[in-house]
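J.: Chain by chain, the residues run as shown.
Number of protein chains: 2
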Amino acid sequence: MHPRFFAPEAQASGELVTLPDEEGQHLTRVLRLGAGAAVRVFNGSGDEFESVVEAAAKDGVRVRLGEPRHPAPEASLQVTLAQAVLKGDKMDDVIRDAVMIGAKAIRPVLTARTETTAAILEKGRRQDRWERIAISSAKQCGRAVVPAILEPFTFEGLIDFQLHKWLAGPSIMLVEPGASKGAVPFSGLDVEPPSAVTVVVGPEGGWTPEEIEAAGVVCRLVTMGGRTLRADAMGLIAISAAYARWREF
Amino acid sequence: MHPRFFAPEAQASGELVTLPDEEGQHLTRVLRLGAGAAVRVFNGSGDEFESVVEAAAKDGVRVRLGEPRHPAPEASLQVTLAQAVLKGDKMDDVIRDAVMIGAKAIRPVLTARTETTAAILEKGRRQDRWERIAISSAKQCGRAVVPAILEPFTFEGLIDFQLHKWLAGPSIMLVEPGASKGAVPFSGLDVEPPSAVTVVVGPEGGWTPEEIEAAGVVCRLVTMGGRTLRADAMGLIAISAAYARWREF
Chain A
671 MHPRFFAPEA QASGELVTLP DEEGQHLTRV LRLGAGAAVR VFNGSGDEFE
721 SVVEAAAKDG VRVRLGEPRH PAPEASLQVT LAQAVLKGDK MDDVIRDAVM
771 IGAKAIRPVL TARTETTAAI LEKGRRQDRW ERIAISSAKQ CGRAVVPAIL
821 EPFTFEGLID FQLHKWLAGP SIMLVEPGAS KGAVPFSGLD VEPPSAVTVV
871 VGPEGGWTPE EIEAAGVVCR LVTMGGRTLR ADAMGLIAIS AAYARWREF
Chain B
671 MHPRFFAPEA QASGELVTLP DEEGQHLTRV LRLGAGAAVR VFNGSGDEFE
721 SVVEAAAKDG VRVRLGEPRH PAPEASLQVT LAQAVLKGDK MDDVIRDAVM
771 IGAKAIRPVL TARTETTAAI LEKGRRQDRW ERIAISSAKQ CGRAVVPAIL
821 EPFTFEGLID FQLHKWLAGP SIMLVEPGAS KGAVPFSGLD VEPPSAVTVV
871 VGPEGGWTPE EIEAAGVVCR LVTMGGRTLR ADAMGLIAIS AAYARWREF
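Here the protein sequences line up with chains A and B, keeping their order. Counting the first sequence from 1 gives a position; the working numbering is that position plus 670. Counting the second sequence from 1 gives a position; the working numbering is that position plus 670.
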């Protein structure tokens, strides 16, 4: 299979586009390709083209877009993963996995037990890092869409947003078995597929009782089996379950 | 929550049991607990006890088993994950995740594109390592059952075994979208839950056409969505989907 590169400005066959610096360096330094190489170029918005490298010089890599092609199909069930920011590089793995399986967007959330702040995220340029990871994962899994890494919300901000976005599809918030009397098992959710769903996953230390109570107003509180699932695996598990229940798989 | 320790010989309340060396060292050196500490002890076969450390000496840690308790419930859908051995320490992650979500057993498989051999596995004591990982993951996720790490099979051995074990439940082999005309989407599987299922996952390089053909006789060939999923994530995704479809979640 020809290697795939991300070029957001790629729009139509016949165009000559310059790859972003990182992509160009990947092409020349890692894969050691040059003029004449056959590659694929996708724009992150769903378009992909068979392409040929026309020039690979110090000032950039230029590719000529050829025939459009069909990339991996996007999921018809649109899942947004609202994920409490996890420790260390666990969040990187969550984003990589969510993009791979087919999430439409990822929303980082700062909860009561999240061990970071918006200022730390900003200072560490975490948003940029997460966007690079999303691009890299899209390249690997054959998607021509790069899911949006949405701006981080506080938990209160998320609840407020979901309150006003209720019509965009239901939200399900994953809770530990026994964490809330109002929780239903996953199998208790509607059988009919929604067109969109927001999956809300907590941090390593779980939700506070106050968060669970506040979320109960706008989210279905849902348990997934009786075992303790790791926070960094929960998103992938929940999206897999949603895809299975609502016939995306 | 009291820390949990694994002691296969723990059978009944009132007994005084010695923890295995590794578990004893974890108790004294990592958690720095001593005589009088309240702990939980599980035997890997489903029993768990509130317990108290009676002695923590150089020759071993002894605990007195108290009241039996209810550990995390085991899944009623029994999933065996037959997983092609992956590169490096990826297999460790697969085993950790499969135990966490609730698999009953894990069967390592040597396929045409597996980059290792039975001799290498033996020399590297991989089976011992995988068993330690299964114990460690069971401790974390609250299970009192440590899933079996079954003896590695060749792919041919697996097919032969499944042929004779057909009545123990269906096998589903995950294949790439487009890999086989005989493949069905996951949503095409029976709605009625089987009591047991074997999920067969290939290596990084995928199955050979010959393997897919041979498996078609004893397995349902199944695709999960249209994107390329990583081999090390496939097991967790497939078990999540099976739990969702067959109401374990």
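Please note: incorrect hints may appear among the correct ones.
Same chains, same label: a pair holds when it works inside one copy or across any pair of copies.
Unchecked claim - Subject to a maximum C-alpha distance of 20 Å in a straight line, what follows is the list of computed SDA-like cross-link-like pairs (lysine to any residue): (1) K835 x I882; (2) K809 x H672; (3) K809 x G848; (4) K760 x A901; (5) K774 x D717; (6) K793 x G858; (7) K851 x R766; (8) K728 x K809; (9) K757 x R739; (10) K809 x E846.
Calculated from the structure, these hints are not laboratory results.
J.: Does each hint fit the structure? Answer for all of them.
T.: Comparing the hints with the structure gives:
1. K835 x I882: within (19 Å within a copy, 45 Å between copies)
2. K809 x H672: Only inside one copy: K809 and H672 sit 11 Å apart there, 44 Å across copies, limit 20 Å.
3. K809 x G848: between (40 Å within a copy, 19 Å between copies)
4. K760 x A901: both (9 Å within a copy, 19 Å between copies)
5. K774 x D717: within (16 Å within a copy, 42 Å between copies)
6. K793 x G858: The answer is neither: 42 Å in one copy and 48 Å across copies each exceed 20 Å.
7. K851 x R766: neither (33 Å within a copy, 30 Å between copies)
8. K728 x K809: The answer is neither: 23 Å in one copy and 54 Å across copies each exceed 20 Å.
9. K757 x R739: Answer is neither; intra-copy 39 Å and inter-copy 32 Å both fail.
10. K809 x E846: between (34 Å within a copy, 17 Å between copies)
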